[in-house]
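2 protein chains.
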Amino acid sequence: MTLLDGKHIASLIRAELKQQVDQLLADGHRAPKLAVVIVGHNPASETYVNNKIKACAEVGIQAEKVALEADITEADLLQEVQRLNQDPSVDGFIVQLPLPEHINETTILSAIDYRKDVDGLTPENVGRTVQGLPSLVSATPKGIRELLARYNIPTAGRHVVVIGRSNIVGKPVAMLLMQKPYLSLPGMSAASLGDATVTICHSKTQDLAAICRTADIIIVAAGSPKLLTADMVKPGATIIDVGINRVMDGYRLVGDVDFDAVAPKAAYITPVPGGVGPMTIVSLLQNTLQAYQNHKS
Amino acid sequence: MTLLDGKHIASLIRAELKQQVDQLLADGHRAPKLAVVIVGHNPASETYVNNKIKACAEVGIQAEKVALEADITEADLLQEVQRLNQDPSVDGFIVQLPLPEHINETTILSAIDYRKDVDGLTPENVGRTVQGLPSLVSATPKGIRELLARYNIPTAGRHVVVIGRSNIVGKPVAMLLMQKPYLSLPGMSAASLGDATVTICHSKTQDLAAICRTADIIIVAAGSPKLLTADMVKPGATIIDVGINRVMDGYRLVGDVDFDAVAPKAAYITPVPGGVGPMTIVSLLQNTLQAYQNHKS
Numbered sequence: 046m047t048l049l050d051g052k053h054i055a056s057l058i059r060a061e062l063k064q065q066v067d068q069l070l071a072d073g074h075r076a077p078k079l080a081v082v083i084v085g086h087n088p089a090s091e092t093y094v095n096n097k098i099k100a101c102a103e104v105g106i107q108a109e110k111v112a113l114e115a116d117i118t119e120a121d122l123l124q125e126v127q128r129l130n131q132d133p134s135v136d137g138f139i140v141q142l143p144l145p146e147h148i149n150e151t152t153i154l155s156a157i158d159y160r161k162d163v164d165g166l167t168p169e170n171v172g173r174t175v176q177g178l179p180s181l182v183s184a185t186p187k188g189i190r191e192l193l194a195r196y197n198i199p200t201a202g203r204h205v206v207v208i209g210r211s212n213i214v215g216k217p218v219a220m221l222l223m224q225k226p227y228l229s230l231p232g233m234s235a236a237s238l239g240d241a242t243v244t245i246c247h248s249k250t251q252d253l254a255a256i257c258r259t260a261d262i263i264i265v266a267a268g269s270p271k272l273l274t275a276d277m278v279k280p281g282a283t284i285i286d287v288g289i290n291r292v293m294d295g296y297r298l299v300g301d302v303d304f305d306a307v308a309p310k311a312a313y314i315t316p317v318p319g320g321v322g323p324m325t326i327v328s329l330l331q332n333t334l335q336a337y338q339n340h341k342s
Numbered sequence: 046m047t048l049l050d051g052k053h054i055a056s057l058i059r060a061e062l063k064q065q066v067d068q069l070l071a072d073g074h075r076a077p078k079l080a081v082v083i084v085g086h087n088p089a090s091e092t093y094v095n096n097k098i099k100a101c102a103e104v105g106i107q108a109e110k111v112a113l114e115a116d117i118t119e120a121d122l123l124q125e126v127q128r129l130n131q132d133p134s135v136d137g138f139i140v141q142l143p144l145p146e147h148i149n150e151t152t153i154l155s156a157i158d159y160r161k162d163v164d165g166l167t168p169e170n171v172g173r174t175v176q177g178l179p180s181l182v183s184a185t186p187k188g189i190r191e192l193l194a195r196y197n198i199p200t201a202g203r204h205v206v207v208i209g210r211s212n213i214v215g216k217p218v219a220m221l222l223m224q225k226p227y228l229s230l231p232g233m234s235a236a237s238l239g240d241a242t243v244t245i246c247h248s249k250t251q252d253l254a255a256i257c258r259t260a261d262i263i264i265v266a267a268g269s270p271k272l273l274t275a276d277m278v279k280p281g282a283t284i285i286d287v288g289i290n291r292v293m294d295g296y297r298l299v300g301d302v303d304f305d306a307v308a309p310k311a312a313y314i315t316p317v318p319g320g321v322g323p324m325t326i327v328s329l330l331q332n333t334l335q336a337y338q339n340h341k342s
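Heads up: the protein sequence lines correspond to chains A and B, in order.
Be aware that the first sequence starts at 46, since it is given in our numbering, and climbs by one per residue.
Be aware that the second sequence starts at 46, since it is given in our numbering, and climbs by one per residue.
Misleading hints may appear alongside valid ones.
Simulated coverage check for chain B against chain A, where a stretch passes if three residues somewhere in it have a Cβ under 8 Å from a Cβ of chain A [claimed, not checked]:
{"id": "1", "region": "128 to 135"}
{"id": "2", "region": "162 to 173"}
{"id": "3", "region": "243 to 250"}
{"id": "4", "region": "275 to 287"}
None of these hints come from the bench; they were simulated from the model.
Keep in mind it's a predicted model, so treat the numbers as computed, not measured.
Don't be surprised by glycine CBs; every beta carbon is placed ideally from N, CA and C.
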């Protein structure tokens with residue numbers, strides 16, 4: 046069994062990104078710039094935003110925090126989005142969720158210019174990803190694909206079972222892995238990028254265990270602690286655990302996979318924490334650099 | 046075995062649409078209006094366009110043919126798209142494909158305002174469909190869903206195998222049938238609208254036959270005559286054949302299903318022609334009425 050060490054891979058990618066940004070500066074270009082919009086003072090959101098800004102600093106991406114009060118109107122927030130859409134010094138930006146209840150998240154997200162949508166959550170970017178057009182892919186699916194690629198785990202012709210159908214993980218990762226290998230990533234062989242046979246399972250699926258036992262790769266993003274047990278896994282399968290569940294004591298994080306029982310049967314498995322999580326922030330940095338390059342050219 | 050009679054269902058839906066349009070006129074509203082852009086004189090395209098215009102007339106939808114010469118520049122065609130986007134008398138429009146080689150189809154399709162994109166092919170509409178937001182769903186997937194619903198064939202919790210991953214059929218029909226039943230259609234029970242476990246298969250899939258044998262519903266959109274044979278079908282399955290293949294004599298159409306051998310094992314099956322095909326044009330009429338209603342309100 047090999048551990049898919051997201052923390053290590055993310056640090057390698059950050060080093061690569063730093064090198065690329067340093068080269069841009071050495072060539073006389075400006076640094077890429079990310080803006081992060083945060084509305085209100087939700088402590089969890091502030092932690093996430095600060096981590097993202099810190100990650101930018103580490104690789105040389107400029108980051109601007111746009112802090113707005115919780116009583117901002119939807120119209121004023123929309124105007125802020127338009128300002129960022131038009132600001133030529135901003136390559137990409139994100140609006141940290143959740144937003145206050147009086148603001149419609151869909152309205153705000155849909156207003157982001159897809160070319161600056163480094164979270165990859167606008168309908169335009171999702172549609173472009175589905176259609177195989179150049180797009181900014183949302184962070185977690187992109188991180189999963191990168192993790193598979195860095196460990197040279199092929200997906201072509203293999204059966205991938207995705208458990209969960211969320212807009213931010215299940216649906217986009219299914220689309221990414223089943224499609225023709227349109228997009229190439231640095232350090233990734235085309236064969237590992239797609240062409241999988243993909244089954245999408247969810248709360249209404251009957252006999253999930255039997256379906257999982259036919260899978261070469263299982264991606265669990267259901268938000269249900271220890272949902273995937275050893276009897277559901279074919280020996281030699283690859284297991285990607287997207288779950289982050291805080292257990293009773295409030296401090297420990299557990300995934301959607303019963304790690305101790307499943308790991309001995311798996312060929313590859315992600316730990317929680319330290320698997321998919323670190324890949325997610327690094328995807329945001331990669332998308333910011335991609336938006337910068339599209340923008341510059 | 047019950048034949049899924051798309052020709053009959055399409056005629057029922059046309060009668061319903063005519064009644065709705067008549068009611069709109071009786072209430073003093075204007076008729077819905079579709080514009081159909083055709084570039085050049087491809088005979089197959091002209092036939093398709095004329096059939097669409099005829100279908101509009103039958104239900105009282107106004108149709109305008111915008112015929113452009115094959116040597117139009119991409120910039121001029123884009124300008125025509127912008128004109129139709131802005132024309133308040135046009136509720137929806139389509140650009141008949143294929144376009145001449147000097148014009149980038151993706152550029153043109155992406156420029157269509159998604160609210161008028163009654164073919165449901167813009168990235169914005171595809172992304173909205175994936176995310177479960179109100180959208181105009183592309184014609185063939187919408188027709189398949191409607192056909193299943195009209196025959197009260199439930200999809201919730203059932204295993205649907207989709208063969209083919211095209212942008213116009215395979216990917217969107219997979220997304221529609223697996224997602225939560227967000228959208229309600231007239232005459233359709235919510236339970237029949239989604240919630241399926243969906244597997245997407247394609248040319249790179251290994252052991253397609255074994256996967257198909259686990260399916261309750263098989264949707265074949267591979268463009269490969271008689272791809273689905275009797276040994277690949279579980280007794281009692283529902284078979285949807287999207288294939289339209291012209292065979293050697295040049296006149297006969299055959300589907301992707303070996304109909305004569307598969308039909309005796311199936312609970313429900315679509316004929317070719319007369320199955321999915323007639324549902325596709327009727328979807329365009331439904332989308333035009335939906336665009337009119339969104340536009341009016």
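Hint by hint, here is what the structure shows:
no.	hint	verdict
1	128 to 135	violated (count 0)
2	162 to 173	holds (count 7)
3	243 to 250	holds (count 7)
4	275 to 287	violated (count 0)
When each numbered hint is compared with the structure, violations occur for hints 1, 4.
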